[in-house]
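Participant: The lines below spell out each chain.
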Amino acid sequence: MSSPTFRPIPAGSGTGDMTKAVYDTDDSGTVDDSTLWDGEALPSVDDATGGQVLALKSDKSALEFATVSGGASAYGDLTDIPAAIASIDGLTPAANKIPYYTAADAGALMDVPERGNLIINGDFSVAQRGTSFVSDSWRPNSDDSYLLDRWLLLSDGNDIVDVTQIASPFSRSRYALQAEVETANKRFGVCQIIEANTCIPLRGQKISISFAAKTATSKVINNVRVAVLEWTSTADAVTSDVVANWATDLTWATNWAALNTPANLALTTSEQTFKVEDLTVGASCNNLAVFVWVDDTDCAADDILQLGEVQIVRGSTAPEFVATDDIFACMRRNIKLLNTTVATRVFAIGGYTWGDSYADAFAQHPVVMAGGPTCYTFGSLQVMTSTANYDITVLNANSTDSMTLFRVTKSGANSNGESAVMCTKNDGGAHGVYLEAEL
Amino acid sequence: MTTIYVKDGIIQYIQSDGMSIPADEKNRDYRKVMAQDAITPFKRVEIVKPEPEPQIDRLADIEAALLDLAEAIL
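Going down the list, the sequences are from chains A and B.
Quick note on our numbering: the first sequence kicks off at 1041 and runs consecutively.
Quick note on our numbering: the second sequence kicks off at 71 and runs consecutively.
Okay, chain B solo, but in the shape it has when bound (with noise of 0.2 angstroms):
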């Protein structure tokens, strides 16, 4: 099934079967599937969740959470 994520009805990307697609005109996928939904329009979600806001700066985020994972591998 393919459906395609629109925030204020411009497409952001494509979810289709295992396919993540970017909206992006130089991808062969993109294109195809435009052209796809130009015969028979598929189904068309709006983006209503926020980004997420972390709570700390994001580089030090992944670097705790990188300590966190060796340790408990450890």
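One chain only, chain A, in its complex shape (with noise of 0.2 angstroms):
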């Protein structure tokens, strides 16, 4: 860095408020001229080439950044700096609290902001039950069903919008969830329930939220709304169709209410991230919900919403959205067992015949489940035998939390304790095994 030299001062000039500067012109270390000044001339901190870089300001207040060729100052204002310094300089230190500016010289205090986010599948990554969804998937895009793990459609009725896991149109994610339109002009949304273990812990808490959506182009949806809402009644035991009424300003259904006004949020074509932040949980929530829903009522066929990178944070402001494999907390709620279109015979859980027409096979959890959940199947199921295969013509799922007895009964008889696998029936079709325990 070059050492600045300073501008001498006019000899003589002018009258009135002046400033005195002293002067060590031999560089002796002693004073040996000083003079006045009348501020025509302003004094100068200038940098090895003659460039002035501090002056002092006109009346004299303080000291700024030199303009430079007849324009704006390069560096701006100095008394910028500690206006802006003050207003942080201002708060009160805390324990785990940092500031941040509300405004450009004005401050505040947060909480240490947390990076967890209490959204699960907040990317859409996780898609055990298929990566698309229309009126004749084995699970239809119908009111109230989960599709993306721990997604849930809600809409107007069935077959509102189809639902697909896409590639991601957004930078922080790999996928994301798209609502193409099926039937024009109804409201529809997804929802995410937040289970208990999480949510009681935030009583009196400050929260955040955010998503990131688009629309595209030729198929606009105009708008998305965002609401944060809590369950006050009996923990995990919630209405999941928390949409009461679907009319103007949706209603939610008993014993949901919703921390925020929701508002339009416009769409473009473009990746955009909204926030809604700094709410609080209320004292007696038990569960919480984050619906993001097109309540527009002009949606035409094949119309888009794309949206990702969801995230409820503890605390008052949301972070940037960072991606995590959320595979096995995805399974606590449901777990694929089997989906399968091979044509050949695929097993599934092993087990053995009783009882002339009856088998029973069992399947042990990859995970320790939410509770005891509810079998789902599809395509023709089977128990192979040595000695034969039978179609399975009654199928019962005794499941605890942790594991699942399949007790069949079978179309053809058996003598007592021999070996049997249920498997699928080499038909072609599509044959699965699901073990939900969703909210």
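These are computed hints drawn from the structure, not numbers from a lab.
You may find that some hints are simply not true.
Among the chain B residues that face chain A by a calculated CB cut under 8 angstroms, a handful are [what the hints assert, rightly or not]:
#, residue
1, Gly79
2, Tyr83
3, Asp94
4, Glu95
5, Thr110
6, Arg114
7, Ile132
8, Leu139
9, Ala142
Idealized CB from N, CA, C, for every residue including glycine.
Hints given; two lone chains; assemble the complex.
Facilitator: This is the structure in structure tokens:
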């Protein structure tokens, strides 16, 4: 860095208010000159090439960065810096708080933000039930249906939108959810309900939400809304269809209440991240839900909403989204034991025959589930023994949180204790066995 | 079709269109069926079949069955 030089002050110039300057002209360490200055030629600090770096303001109130080539200051006004610093300096420090700016010259303290996302599968990357849901899927796109893991489709009727996992149009994730309108002029949205183990500790605490959304050229959906809802009845025994009435200004099902006032958020064909911050969880909250929906009733068939990077964090602000691998968290609520269209027989679960027409097969869950699950099956399943294959005519799944006993009635008789495997019928169709303990 | 299986008047499980639903208040499908059942009761079936009584120890039974299966496949 070059050493500054001082610009000489004109001798004998001006009258009035003056600044007295002293000089050590021969660099001897002793003041050998002094003069009075009337402000007509401002003293300044110059760099090695003679360019001004600092100068006294004309009202002599402070130093400022010098102007460059007759234009505006290249560095801004020094007086701005103390104002910004003062806005933070005036705060009272406290444990586990950090300062932040609320405006250019105003600050506040907030809790140290948590990066942990309370939403599971916020990037829609886990898709155990499949990646596309239409009206004739094994899990159809009906109102109040869980589709992509942990995400519930809510709509004003069935087959309002097709739902698909897509390669993400957003910059911080690999996947996203796309809703494509099938039935025009209807409201729809996706919802995730968060379990009580996560929500009860948040009572009285601040939370913030963010999500990314966009629409598509020539398939424009104009707005989305978001509500953060709290459930105050029995923990984890929620009404999953949080919408009581889809008419203008939705009303919520009994015991659900919004923590924020939802408003239209204008979509474009470019990625946007929307935030609702500094919400306070109620003292009686047992479960939380985030519900992102299209409140417009002018959607045409094939219009598109793309949604991704959903997060709820503890704290007054929402940080940047970070994708995580949530497969095991999803499996606490939903386990795919089998989903195949392979034409050959696929072995699923081992067991044995008993009582002529029955067989038992056991499945140890790969993770302990949140509760006794519902068993969903589709396609033709069979029992294979060492002597023959039998169609399953009745399947009863008897589950705990950690294992399921499949007790089936089959189409033919065996003696007690023959080895048996529950398997798919090699009929070329789709077959599936799912265990679900969703909220 | 939805059928509610009961034993001594207590719901044991529910069968409904590809679903096997446990009698558990925490299960959303159970709650949904019960809500509908309160409006229009579903068919109830009393479970009369006895529980299986394996002739031998169940774990040993399974182990032997799996060995049989392995031999059959090989």
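Participant: Hint by hint, say whether it matches the structure.
Facilitator: Tested hints:
1. Gly79: 19 angstroms, violated
2. Tyr83: 6 angstroms, holds
3. Asp94: 5 angstroms, holds
4. Glu95: 6 angstroms, holds
5. Thr110: 19 angstroms, violated
6. Arg114: This interface hint is violated because 15 angstroms lies over the 8 angstroms limit.
7. Ile132: 6 angstroms, holds
8. Leu139: B:Leu139 check passes; min Cβ-Cβ to chain A is 4 angstroms, inside 8 angstroms.
9. Ala142: Holds: closest Cβ of chain A sits about 4 angstroms from B:Ala142, inside 8 angstroms.
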